[in-house]
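Colleague: Sequence order for the protein chains is A and B. All letters in the first sequence, in the order written, are residues 142 to 260 by my numbering. All letters in the second sequence, in the order written, are residues 1355 to 1568 by my numbering.
Just so you know, these hints were derived from the structure itself, not from any lab. A virtual CB, placed ideally from N, CA and C, is assigned to each residue, including glycine. Treat the hints with care, as some may be off.
[To be verified] What the simulated footprint calls covered on chain A by chain B, stretch by stretch (three residues with Cβ under 8 Å from a Cβ of chain B suffice, anywhere in the stretch; the number is not a length): (1) 198 to 205; (2) 213 to 219; (3) 229 to 235.
[As the list claims (entries may be wrong)] If you only want the chain A side, here are some residues facing chain B, beta carbon under 8 Å, derived: (4) L176; (5) V181; (6) R190; (7) V226; (8) E244.
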Amino acid sequence: MSETEPDDRREQHATSLQIGSLSVSVTRSCVRRDLYDLTVGRALDAALRGELERWGAVRGPPNLWVIDVPQRHRITIAPAIGRVVILPRIERSRDEQSAHATEFLRWFEQAVYPSAERS
Amino acid sequence: MAIDERAIVDAVAGLELRGNEEGLIPAFGLHLTTHFANYYNRSSFAVARALEGSGLEEDARTLLVEAGHVCAFNTFGGIMRSAEWDAVVAPMISSREDWIRGMVAVINAFGWGRWTIRELIPDERLCIEIENGYECAGWLKDYPVSHTPRCYLAAGGVAGLMNLLYVGDITLRPTLSDAYYSELFRDARSFGARATSCLACGDDRCVLVATRQP
């Protein structure tokens, strides 16, 4: 992806990204970064909070999980509705932002939809 | 369930909203900034004071309130579309007006002063009282008692709340585009806000009233 902005750069452009069973909305939120947003459509298991610790300390009350990963992004999760938002660091290139988000979302997809459930 | 402001403030406080290694605060799907309150105050007040006596005082006010409109649209609108909102505030919402009550609770977690809803008539009028608003507290620290209200950004914010909810419909999570901004803030039905009381003028607090503009 290029950092060059089109003339209508102030408009928000949403594209979609499919990662396994996850449909991720990718919004071009500003000149420097995108926003990754998905909802799995069901509540997340509370045990997932502990599994998320592999990505960094999970902060927030039981109804709001926040993981800040320095140099990468902040992941915010509303577990009751299964919504996940990834806000990349703006100093990373868009390609890096995408790679980091995709790495997490691949893991997340496996955690939320185990192989047995998908088959 | 009614809006539980204490729970909202506690949840937002627990997010540890402080600058990261980039000097930004990524939260609510936005990048918030942290800086001295007087940084913005002195910039905006310098504009207002430079134009005093020029006949352009009202233009200065319009410009600075417009900054508040833009802030409300992007910041309040972004917050109301965020995962944080879905997690903490949305489960408490039982009426359309609760969107404003919830947003005011979030504002109170930011430390911009103590906002209280004095009156909310759906689709008609919003009256917000602000104790220790940082704009006017900053004015009094740097300048004499003012002859005119100085809570410019807050005025834009109060009008913005009404425009997001009653001119547009933030409950539908619209894309916050330039076109949508114009739809909300340049419409014949758009709300504007005026201070009826102002800390900078020697009153004990600011009171801002948003109504449809004539």
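Colleague: Which of the listed hints are not met by the structure?
Modeller: Hint check: 5, 6 and 8 fail, others pass.
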